[in-house]
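Peer 1: Here's the letter readout for the chains.
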Amino acid sequence: MALAHPYMPNSTPAAKSAMMQAIGISDIDELFEQIPADHRATEPIALDPGIRAEATVRRQVRRLLDRNDSCAENLNFLGAGCWQHHVPAVCDEIGSRSEFLTPVWGTPSSDHGRNQAWYEFASQLGELVGMDFVGLPVYSWGAAAGHAVRMAARLTGRHEVLVPDTLDPERLAVIRTYCGRTELDGAITVVLVGHDPATGRLDLADLRTKLTSATAAVYLESPNYLGLIEVDAPAVAAKAREHGAETVVGVDPISLGVLAPPSEYGADIVVGTTQPLGVHLNAGGGVGGFIATRDEERYARQYPTLQVSMADTIVPGERAFGMTLFHQSSYGSREDGNDWTGNSVYLWAVVNAVYMALMGPQGFADIGETILRNSAYAARRIAGIPGIRVRWPSGFFKEFVVDLTATGRTVAQVNAFLREAGIFGGKDLSGDFPDLGQAALYCVTEIHTEDDITALVSALTEAVSA
Amino acid sequence: MALAHPYMPNSTPAAKSAMMQAIGISDIDELFEQIPADHRATEPIALDPGIRAEATVRRQVRRLLDRNDSCAENLNFLGAGCWQHHVPAVCDEIGSRSEFLTPVWGTPSSDHGRNQAWYEFASQLGELVGMDFVGLPVYSWGAAAGHAVRMAARLTGRHEVLVPDTLDPERLAVIRTYCGRTELDGAITVVLVGHDPATGRLDLADLRTKLTSATAAVYLESPNYLGLIEVDAPAVAAKAREHGAETVVGVDPISLGVLAPPSEYGADIVVGTTQPLGVHLNAGGGVGGFIATRDEERYARQYPTLQVSMADTIVPGERAFGMTLFHQSSYGSREDGNDWTGNSVYLWAVVNAVYMALMGPQGFADIGETILRNSAYAARRIAGIPGIRVRWPSGFFKEFVVDLTATGRTVAQVNAFLREAGIFGGKDLSGDFPDLGQAALYCVTEIHTEDDITALVSALTEAVSA
Amino acid sequence: MSGPLRRYHAAVWDEPLIMEQGGPGRRGTVPPAPIEGAGIDDLLPPGVRRRTPPALPEVAEPDVLRHYLHLSQQTMGMVGISLFGTCTMKYNPRVNELLAARDQVAEIHPHQDDASIQGLLEIVHRFDLMLRGLSGMDRFVFQAGGGAAAAYIHACVTRAYHESRGELAQRRDIITTAQAHPCNPATAAAAGFNVITLPMEADGYPSLAALRAVVSDRTAALMINNPDDMGIYNPHIKQWVDTVHEAGGLCFYDHANFNGVMGRVRAAELGFDACMFMLHKTFGVPKGGGGPAVGAYGCTAELERFLPGPLVHRTESGYQRRENEAGVGRVREFLGNLPQVVKAYSWLLAMGADGVREAADISVLANNYMEARLLAIPGVTKSYDQLTKRRLEMTRFSLGEYTEQTGVTAVDVQNRMTDFGIDAFWLSHEPWIVPEPFTPEAGEAWSVEDIDYWIDVLAHVLAEGRSDPALVKSAPHNQVVGQIDGSSLDDPARWATTWRAYQRKNSAVGAR
Amino acid sequence: MSGPLRRYHAAVWDEPLIMEQGGPGRRGTVPPAPIEGAGIDDLLPPGVRRRTPPALPEVAEPDVLRHYLHLSQQTMGMVGISLFGTCTMKYNPRVNELLAARDQVAEIHPHQDDASIQGLLEIVHRFDLMLRGLSGMDRFVFQAGGGAAAAYIHACVTRAYHESRGELAQRRDIITTAQAHPCNPATAAAAGFNVITLPMEADGYPSLAALRAVVSDRTAALMINNPDDMGIYNPHIKQWVDTVHEAGGLCFYDHANFNGVMGRVRAAELGFDACMFMLHKTFGVPKGGGGPAVGAYGCTAELERFLPGPLVHRTESGYQRRENEAGVGRVREFLGNLPQVVKAYSWLLAMGADGVREAADISVLANNYMEARLLAIPGVTKSYDQLTKRRLEMTRFSLGEYTEQTGVTAVDVQNRMTDFGIDAFWLSHEPWIVPEPFTPEAGEAWSVEDIDYWIDVLAHVLAEGRSDPALVKSAPHNQVVGQIDGSSLDDPARWATTWRAYQRKNSAVGAR
Ligand SMILES: Cc1ncc(COP(=O)(O)O)c(C=O)c1O
Ligand SMILES: Cc1ncc(COP(=O)(O)O)c(C=O)c1O
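Protein chains in written order, with numbering that gives the first Met the number 0: chain L, 0 to 465; chain V, 0 to 465; chain U, 0 to 511; chain W, 0 to 511.
There may be inaccurate statements among the hints.
Said to hold, decoys possible - Residues from chain L that face chain V, not an exhaustive set, calculated with beta carbons under 10 Å: (1) ALA54; (2) THR55; (3) ARG96; (4) SER97; (5) LEU191; (6) GLU445; (7) ILE446; (8) THR448.
Read the hints as simulated data drawn from the structure, not as lab findings.
By construction, the Cβ of each residue, glycine as well, lies at the ideal position given by its N, Cα and C atoms.
Go ahead and model the full structure; you've got the sequences and the hints to work with.
Peer 2: Put into structure tokens, the structure is as follows:
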């Protein structure tokens with residue numbers, strides 16, 4: 000390499016020859032003696048030469064990115080598994096600190112500060128969901144649900160899980176993957192429980208018929224994918240308990256300033272998303288999941304995650320943070336560990352900790368109330384547009400189903416129209432939930448203003464009459 | 000205040016009443032007993048109530064900012080005192096580190112790291128300009144020139160400065176301000192020296208007639224405002240020396256990888272801009288200036304700035320950084336100090352240090368060569384457009400004068416046309432330098448590509464023929 | 000090399016937990032109030048409202064910020080010298096952070112229509128093409144949120160493949176080796192397979208004969224990395240692949256240790272059906288202390304139809320996401336951690352063919368340089384030291400002899416090295432094949448001066464351990480806090496993963 | 000208050016100078032190569048090309064980054080507790096940093112036409128209106144790059160004003176007080192005026208009589224701050240203004256100490272012709288260790304025509320910059336540090352009328368709280384302690400008695416306090432009016448816990464100074480480096496503001 004590369008301090012003749020001399024070689028190729036000749040790549044690397052000039056790289060990438068339209072300059076009503084909330088600037092500041100951004104996981108001796116931040120993540124999340132054993136995050140809500148169901152199967156020795164048929168198809172697909180294939184060991188059968196068309200909530204009668212002594216867990220979300228609050232969750236949990244099944248509840252923690260924590264209505268394992276807690280949409284690359292339970296050994300021993308515990312140091316009065324139950328992870332026990340773990344979304348855990356600390360109890364109460372009211376307000380105004388109805392006009396949080404069937408337009412048509420007006424309309428449900436007709440899932444949060452809703456309503460009005 | 004404000008930890012009833020109790024007051028107004036009643040504001044503050052929600056504040060400010068068009072999404076050829084160069088991401092990273100961003104100046108005990116960064120700024124800048132005494136930065140190039148001229152006046156006891164008539168009007172205005180009014184003490188008369196219309200460079204003959212025993216300093220820039228390299232600078236400096244005047248040279252340090260440092264051609268005081276060294280345009284809020292001389296007591300004692308010196312600590316082998324010659328500053332001696340100092344652009348000094356460290360000797364050589372060639376290339380191509388000529392087609396660096404007179408269009412008309420094509424044309428010189436006709440100062444740097452020049456040339460071609 | 004060591008002390012702020020800070024009524028951030036016209040009725044159905052507020056801290060914004068700034072300063076990571084083996088500690092160019100922080104990445108919703116994210120999809124596609132070039136595979140997906148998740152994709156693809164051939168019930172075995180990363184057996188097991196782990200043999204890898212002995216019509220797949228994390232390359236890997244293929248199994252190349260062989264071997268040319276690259280390791284993407292990460296999973300055209308969806312296709316009317324009908328569905332929601340893909344793409348643009356080749360050269364050169372210097376220190380040996388061929392980008396060392404002589408363990412040395420600004424080194428994945436292992440990896444991003452300094456510190460600490468073992472065994476001394484007392488960590492009565500658990504279990508202790 | 004003090008140690012990286020690092024051929028950043036068609040001839044005229052490259056370091060990008068990360072960690076600033084008096088250490092909201100970093104601010108060229116920067120001009124205009132509301136002035140400009148530069152504007156405006164009346168040659172005196180910030184006399188002198196400084200009298204400010212004694216037809220202006228930085232408010236300020244006005248002089252209110260009186264006094268209502276606000280102090284803009292800063296200079300309609308241009312006007316066709324024909328030209332290039340104006344505007348939106356009032360209340364309350372606690376510590380006294388009225392946002396304290404008793408000075412205490420994570424406190428501007436002064440300022444951004452902690456540390460250090468003065472006098476001990484030996488700083492043979500000077504003067508020392 001004639002010219003040194005800025006990313007590689009040793010890409011200079013001086014540095015290389017010093018090292019080569021020290022080990023007594025004259026050609027770097029000598030170092031690759033282990034690789035047999037017939038293993039060598041037949042062609043040189045099929046890439047362009049590197050671009051050393053940062054200005055040029057930046058320009059090329061920016062040119063591509065500038066072809067994207069974002070939710071910053073458009074008005075967005077998409078939610079459905081990834082939600083646009085305000086990200087406080089302090090979250091960005093901390094999440095981009097070099098110290099947190101670049102390291103590998105470290106030890107209590109080297110990375111005390113980051114371990115403390117993780118502990119604060121778990122501690123604060125525990126407060127929100129009302130649980131006192133919390134693992135470090137997993138890849139996503141879907142992954143968390145998948146692991147939780149597998150935990151329940153191991154806990155009960157059973158192999159069936161009941162899930163609502165209103166579940167996010169994306170999340171359901173992940174759960175199905177985690178549940179495995181019946182041909183192989185440990186597979187879990189996913190049984191869908193219907194919903195009550197009048198309420199959009201879980202159909203308790205159907206649940207009762209499907210809940211058996213083979214049921215490892217009932218999985219429930221509140222609010223559910225369609226935004227509706229599962230008011231009968233306590234009854235569901237009670238029923239599950241009667242049958243010796245675990246109750247796994249999935250939540251969006253941003254709702255927990257106004258909604259009761261799942262621990263209070265019978266959840267054994269709580270899972271959910273961490274993305275709303277200070278993480279940008281990131282084209283779906285902001286998702287993260289968590290698992291929380293009561294601090295009971297029975298549950299703790301089933302966690303697939305790593306988790307940090309506060310401990311003493313050998314200096315009196317000092318505290319450190321170390322990994323608890325490391326041995327049961329795949330790092331500790333390979334195939335005998337609980338599922339597996341690895342790189343996850345630990346940087347987001349730091350950001351989530353910052354977010355929860357900024358919000359405090361009042362922040363969560365306020366944001367819950369604002370989302371509740373803003374989404375209800377939007378639903379009311381949308382419902383006022385001739386031909387459009389809101390399928391379940393009350394009892395929801397943040398998201399609600401808008402039914403366009405009577406307008407004669409498809410969601411796709413209406414969304415295309417909105418797009419021209421700089422609006423990203425609600426998620427089209429017509430493919431995944433044909434029974435709902437031409438329905439779209441709208442998401443309204445604290446970032447929306449009255450003007451935004453007015454803009455949406457006028458564009459929608461035009462769209463269905465145009 | 001009913002609700003606490005996030006920026007004010009003590010804006011809670013609990014915090015305030017704890018303090019009030021401790022000092023024995025029951026109403027905060029009691030604390031303002033010093034202010035006579037008839038001094039009190041007659042009306043409440045004429046501002047809206049505060050907006051506690053960060054999301055709302057951000058939205059409002061963004062809405063305003065989004066109405067700006069920037070040099071990021073347009074193609075920019077404006078220079079003339081503020082230049083668009085690539086800012087390496089590491090400069091942004093370091094410049095936004097909280098530790099550097101928020102503090103006041105501190106002491107050797109508290110802020111060793113930042114003091115070291117300042118020292119590295121001065122040291123590296125000294126290498127570029129070939130001087131070994133360098134002050135902390137001043138507000139701008141104009142301010143640096145103004146101070147330098149005043150230093151020269153104090154050094155020589157004389158009260159006249161010769162400056163080129165091609166000087167940046169913006170900078171000249173600052174120098175004039177600094178030179179004062181003849182009615183008052185210490186005023187310095189600014190005498191303009193003409194330029195040679197054939198070369199755009201200083202007219203040596205005119206200089207000779209104006210240089211007298213009253214001349215405190217000759218101020219010269221190379222390249223000058225019109226981009227031309229003052230090849231006769233050594234002769235100018237020699238002449239000045241003959242007359243007992245100081246030679247003050249202004250430079251853009253980004254040229255100093257290819258151009259000889261002013262120390263080598265007779266400069267006594269070197270001043271210039273720091274903005275090209277890793278600082279964004281910032282709508283003109285990125286400017287900064289520096290002053291550098293030989294490390295001779297005669298000069299050192301005239302600095303108006305603060306400067307850091309490397310010193311020992313009381314622990315053997317350790318180094319610290321402290322202020323040298325503090326006493327002669329306005330902080331130390333009020334009206335008896337040299338001019339004045341205060342908050343300046345010290346954060347940019349840190350960023351400049353990072354920039355110079357990233358660039359190294361080869362980076363400056365390369366960028367100088369690229370700018371030289373890119374600007375010459377652009378000039379050549381522009382000169383190929385019928386009716387347009389480049390006033391001085393060689394011997395320039397980064398900027399050059401494009402003469403549109405023969406096209407029958409004004410610069411304003413052409414620039415308006417370019418604007419529609421997403422191009423910011425060169426700075427209109429027709430107002431400040433009517434002798435140049437309909438001329439514009441174009442700036443081409445390392446950020447420009449062949450495509451950019453092609454886009455400019457085709458838009459220009461159209462503009463002058465449309 | 001070997002001047003006096005530099006003074007070092009970690010920043011110590013003695014920072015209380017955020018839950019111990021603040022005061023009643025303080026606000027860190029305030030959400031917007033509801034839209035004015037939104038009314039004031041209680042919109043919640045009865046019985047679902049939270050009654051007790053969560054016991055979160057009440058802290059003002061500047062104090063939250065300062066708390067986490069303190070914690071950041073108390074995190075050494077790559078701000079010290081970090082040659083953390085098996086993780087390829089690279090430089091993460093800050094320009095890529097700025098790019099990924101732009102609205103055009105950060106504020107993209109995954110459900111936006113394809114037309115609105117053409118730039119992003121093009122980057123995904125282009126980067127896929129680049130990885131194809133490096134591996135010879137036919138299609139990459141980025142859904143896996145880490146290397147282990149990519150291994151899991153392979154386990155799922157393996158299920159789908161054999162299911163499609165009606166052989167799944169029979170093909171229950173996944174074969175791996177003791178030196179494969181734990182995620183390979185773990186994800187195989189989590190997907191329902193039976194794991195067969197081949198033990199190491201004299202040559203530093205299991206023998207072909209051992210493989211042959213376990214391969215059968217029950218074989219579903221082989222999951223293996225090569226070189227392993229001792230830097231040993233299995234030269235029979237092509238025969239391994241052939242053997243498994245002959246038996247009807249699939250072969251997965253865990254290419255996490257790609258750094259030393261970039262440009263020199265291509266997974267497809269060795270016969271593999273699929274491979275995995277870690278963008279947060281080999282491709283310059285920051286690790287974030289453990290993600291967000293990307294395990295880029297690539298496979299041959301034959302397996303493409305089993306990939307998790309959606310896939311990005313280039314069409315006449317632009318880039319499109321399309322479901323992959325016969326695929327394994329999802330291993331995670333959405334397309335993956337796309338900001339990391341953007342960063343990796345930008346990194347690879349900057350590195351190019353020559354840069355990647357150079358990086359491989361330098362990382363292997365630097366490892367051999369380290370090895371030479373380290374083995375010259377009394378008490379340091381390496382695994383399989385009879386094998387004289389040059390190791391690739393890592394070498395597994397052992398302090399076994401040293402520990403026997405001094406009682407000072409690898410963990411003690413690791414702790415003590417942090418007293419000199421050296422990030423804790425990596426020991427070894429399970430199972431340990433040498434006693435008291437440690438595994439540095441120099442990569443291409445650390446200067447020879449830093450590498451020398453790392454070695455100097457190690458040598459210094461080992462010398463300290465001989466003259467004053469107690470000093471080393473009680474380390475760290477210049478760190479944020481002293482050595483952890485790990486006795487509570489696995490004790491159900493004392494562990495505490497949350498502050499509320501800690502308070503309950505230590506109620507006598509109370510707040511500080 | 001008064002629990003045990005927290006452990007503290009500064010990060011110590013023992014970081015060599017960047018000039019001492021690197022190696023031949025290393026690159027930190029690489030500029031783009033010239034455009035291909037640009038040719039290869041030497042484009043420089045003969046004789047102007049640089050012959051010896053500058054002796055800059057050659058360091059790779061990650062190493063430059065890490066070096067400055069180390070230096071940043073070695074900077075305490077506001078990451079510790081910083082109650083640096085006279086500078087109003089406020090919280091700098093990070094949201095404003097993100098806003099100002101957007102291309103729509105950072106990548107704006109000052110010569111862009113007005114139509115392309117309407118948003119920015121509107122912010123300038125709106126913020127001008129807000130400051131008018133706070134001060135009663137009629138127009139603000141933001142060209143001054145700091146508070147001193149705004150004072151300088153005033154000196155220049157004063158010149159132009161008297162010049163316009165043909166009186167400049169006669170009106171050569173600018174009057175100020177010993178407690179006015181040094182920038183007032185210094186900028187007056189730099190503008191060519193003769194400075195008259197009124198000394199302090201028994202009431203904590205110069206008497207009206209003293210002012211009357213110096214006012215004459217030579218009086219050009221009064222430049223003064225009120226309250227001063229002892230927190231003492233001159234209740235006769237209206238008479239002062241009248242007196243100067245009667246003599247034909249202008250009155251300038253250095254409103255840098257605005258924090259305690261925000262919303263309670265308005266400069267125009269007190270009769271002032273002009274005033275100055277520091278955005279980097281009172282308006283939440285970060286200080287950057289000393290700028291970029293803004294001294295917002297505001298004046299009455301009468302003086303508007305003398306302002307430096309260009310001015311921003313609101314017109315029917317949008318916002319426009321226009322030269323100010325009779326104005327003083329420029330004190331600095333362009334409109335000023337507009338990113339800081341954007342930040343201040345955003346801060347003031349968030350604070351609003353209620354927030355600003357609350358901030359004033361809290362900062363005065365907190366100062367009085369501090370004063371009560373500090374004066375209870377043996378050895379701490381305050382300036383003009385016979386004056387019993389409540390001080391405003393600052394109080395000037397003295398350790399004079401304490402120093403006499405112990406030999407431990409204010410600087411010693413300052414140094415030692417940094418050993419506890421407390422940023423070095425401010426002593427006093429020149430001239431000192433009490434011995435061994437120190438001047439904390441709590442402002443509204445520090446919690447009462449932090450204020451208490453600051454006081455606890457001071458009390459602890461003062462106690463240490465009695466029992467072990469040598470410990471305090473040799474401080475700091477937990478900092479990045481030990482106490483500076485300042486003996487070389489003013490010695491021409493030894494000072495060194497650059498590495499090249501240092502090397503020359505210490506050639507025997509050599510590199511470390
Ligand atoms: C060889 C190998 N494979 C797989 C992995 C797992 O990657 P991750 O932690 O991203 O899941 C690692 C992690 O270091 C590894 O070294
Ligand atoms: C009262 C007063 N006036 C003026 C100034 C000068 O401000 P600057 O340093 O921004 O020039 C200060 C600085 O702290 C000050 O306190």
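Peer 1: So, for every hint listed, does it hold in this structure?
Peer 2: We went through each hint and held it up to the structure:
About 4 Å separates the beta-carbon of ALA54 (chain L) from the nearest beta-carbon of chain V, less than 10 Å, and the hint is met. Interface hint status for THR55 (chain L): upheld, as the beta-carbon distance to the closest one in chain V is roughly 8 Å, under 10 Å. Restraint check, ARG96 (chain L) versus chain V: the minimum CB separation of about 8 Å is within 10 Å; hint holds. The closest approach between the C-beta of SER97 (chain L) and any C-beta of chain V is roughly 7 Å, which is under the 10 Å cut-off, so the hint is satisfied.
A hinted interface residue such as LEU191 (chain L) counts as satisfied when its beta carbon comes closer than 10 Å to some beta carbon of chain V; here the least separation is about 38 Å, so the hint is violated. At a threshold of 10 Å, the smallest CB-CB gap from GLU445 (chain L) to chain V is about 7 Å, leaving the interface hint in force. The restraint placing ILE446 (chain L) at the interface with chain V holds, with a minimum CB-CB distance near 6 Å, inside the 10 Å limit. For THR448 (chain L), the shortest C-beta to C-beta distance to chain V is roughly 8 Å, which falls under 10 Å, so the interface hint holds.
The structure shown violates just one earlier hint, number 5.
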